[in-house]
Amino acid sequence: MSDRLQRAILTLNRLEQPGGGTDGTDIIAAPDSRCLLVLTLIYLVLMLSVPLADIERVLLFSVYPIVESALVGIKYTRLLKRSLWVLPLVALVGVFNPILDTRTVFTVYGFTVTAGWVSLISLIVRGLLAMQAVLILIYVIGFYEVAVAIRRLGCPAVMSTQILLVYRYLSVLLQQVLTMRRAVDARGYGRRHMSLKLWGIFIGQLLIRSLERAENVSRAMHARGFTDRLPLSRYRCWTTTDSVLLGSWTVVFIVIYLVPLGTYLSKVL
Amino acid sequence: MHMADALVSPQVGIAAAVVAAGCLGVAARKVKNDRRSENAVALMGVLGAFVFAAQMINFTIPGTGSSGHIVGGVLLAAILGPWAALITLTSVILIQCLVFADGGLMALGCNILNMAVTSCLIAYPLVFKPIMRGGRKSTARLSVAAIAACVVGLECGALLVVGETELSGVTALPADKFLLFMLPIHLVIGLAEGVATAAVLRCVADYKPGLVFHTAAEDGAVKPSGHKLRNVVIAFAVAAVVLGGTFSWIASTNPDGLEWSIGKVAGAAEPVASGLSAAASDFQADTAPVADYGSTFSGIIGIAVVLILLWAVSTLLRRRRVHLSKAQSPVKEEGHHK
Chain A
1 MSDRLQRAIL
11 TLNRLEQPGG
21 GTDGTDIIAA
31 PDSRCLLVLT
41 LIYLVLMLSV
51 PLADIERVLL
61 FSVYPIVESA
71 LVGIKYTRLL
81 KRSLWVLPLV
91 ALVGVFNPIL
101 DTRTVFTVYG
111 FTVTAGWVSL
121 ISLIVRGLLA
131 MQAVLILIYV
141 IGFYEVAVAI
151 RRLGCPAVMS
161 TQILLVYRYL
171 SVLLQQVLTM
181 RRAVDARGYG
191 RRHMSLKLWG
201 IFIGQLLIRS
211 LERAENVSRA
221 MHARGFTDRL
231 PLSRYRCWTT
241 TDSVLLGSWT
251 VVFIVIYLVP
261 LGTYLSKVL
Chain B
1001 MHMADALVSP
1011 QVGIAAAVVA
1021 AGCLGVAARK
1031 VKNDRRSENA
1041 VALMGVLGAF
1051 VFAAQMINFT
1061 IPGTGSSGHI
1071 VGGVLLAAIL
1081 GPWAALITLT
1091 SVILIQCLVF
1101 ADGGLMALGC
1111 NILNMAVTSC
1121 LIAYPLVFKP
1131 IMRGGRKSTA
1141 RLSVAAIAAC
1151 VVGLECGALL
1161 VVGETELSGV
1171 TALPADKFLL
1181 FMLPIHLVIG
1191 LAEGVATAAV
1201 LRCVADYKPG
1211 LVFHTAAEDG
1221 AVKPSGHKLR
1231 NVVIAFAVAA
1241 VVLGGTFSWI
1251 ASTNPDGLEW
1261 SIGKVAGAAE
1271 PVASGLSAAA
1281 SDFQADTAPV
1291 ADYGSTFSGI
1301 IGIAVVLILL
1311 WAVSTLLRRR
1321 RVHLSKAQSP
1331 VKEEGHHK
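Protein chains in written order, with our numbering: chain A, 1 to 269; chain B, 1001 to 1338.
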């Protein structure tokens, strides 16, 4: 439990700054947050629009995470490992496809591959690729810049302020939970699990402390002239490089989506 | 209940995002216009962080050996009011998606509908509040209201998950069987969530009874009126129309991707080979490592080769960068020491 909390705190700290998820071996500079957010959304829309049976085209969309991760300085195997977390959920939904859809698609060395298996594998690949695209977004620009991008793209101020506030207090409250949890463990004589009653008191106490903290925070914010809108302290401007990056990747995605590259490759081989 | 991107088609994801954005727009306007609580913004921020932190602490479910945690929609709605709770829970879902990779970005609208809208705009006003409104305000009543609201909220969420998954066409499981699979599981989860929410609310009621023993009208968080219910009904009618429209569009333009692909693989309109071409085909059929293969499989092999090459080139480039940066770093350090 404490490990999980510590991991969450470490993740938050690492993603605090732009480029916090990269290892400093980037070939191109981190783009404008709006550019990368829009690029990720375009990628997701086009990649997820490919029919499940068209596994060749889904696989071709792997080009983006592989190349972009190298460009921005993220080890692809790290992305791959992190994206594996999505597997259980996707597999749970798709696990019935091989059982229910038994139409033959092709045969390999005498093994019949059915449409159900193709759709399951396609579903898993789509899940991994979508997760990798989102990971690139957050590793490169950090959460603060994503919130800034959301506001600069026209999101209501109350919403973006809320996102930033929740994010700001997350590490503070996680630290508080960690301290309280250690206190409970220290007095538990080796007890590993919390009963519902103890859990209720624990979370209730946390809630009351949070409310008291919220009142103090609110007073402090209003004393400093807060007007329901957090000022944006830093953000990059849109440059020509951002336009080139967005334009070139969009062209690549459209080509993959429209041109049957898999068929051409099969002819070449 | 967090849906991954792979489980929703863009049409369903965008339609859900539009409906969720509509609800959030109304919520933002309501919260902005409500000036009665000057602490509202900070309270929402800290409570959002609280829900996130509370989800990290599990309790043991008696008799099962498994554990559970709070989701927090009904709890937030009970303290903040439904509109502020909707915004707060949406922030939590967004952070879970982006920072902790829990739920997809394209599926964000679906996740907001399934978890935040169902608990804050359906379960709270239609179940929790009516139970809390009448009679003596006791902790027993609070527990019943919390459990009933959590069960209703989670069952509605499960219903939406099934609908969204089926509309997206990612599972071969029929909707009725999928529902039979999802609803009982979420009934159990809802009961556990309800008991947990009740436990927290009872604890808060002991320390700060004013926070939970109120109707929303008393604290001004929301005004219970025909307008609110009407807005909810309109929002869901719009959702139904948008999703229904999306479904009919999918049905008309792309009836079955699998059938389309199988038709393509079967090659009904493929020209018949003759002469040298036929001889070459026969030779290929005899000698090919993968007999009876279609363009799909060879295409996959081709793509795999290209992707491996890309990966190799990218890794080489990266290693070169790492090598260069390592070669440069001692010089920097020496310079720094001097």
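No wet-lab data here; the hints were simulated from the structure.
Just so we're clear, the structure is a prediction, and the values are computed from it rather than from any experiment.
Take these hints with a grain of salt, some might be off.
EDC-like cross-link-like pairs, simulated, lysine to aspartate or glutamate; straight-line CA separation at most 20 Å [claimed, not checked]:
no., chain 1, residue 1, chain 2, residue 2
1, B, Lys-1032, A, Glu-215
2, B, Lys-1208, A, Glu-212
3, A, Lys-81, B, Asp-1102
4, A, Lys-197, A, Glu-215
5, B, Lys-1177, A, Asp-101
Okay, the hints, checked on the actual structure:
1. B:Lys-1032 with A:Glu-215: 19 Å, holds
2. B:Lys-1208 with A:Glu-212: With Cα atoms ~11 Å apart, Lys-1208 of chain B and Glu-212 of chain A stay inside 20 Å; holds.
3. A:Lys-81 with B:Asp-1102: 15 Å, holds
4. A:Lys-197 with A:Glu-215: 27 Å, violated
5. B:Lys-1177 with A:Asp-101: 15 Å, holds
The earlier numbered hint that this structure contradicts is number 4, and it is the only one.
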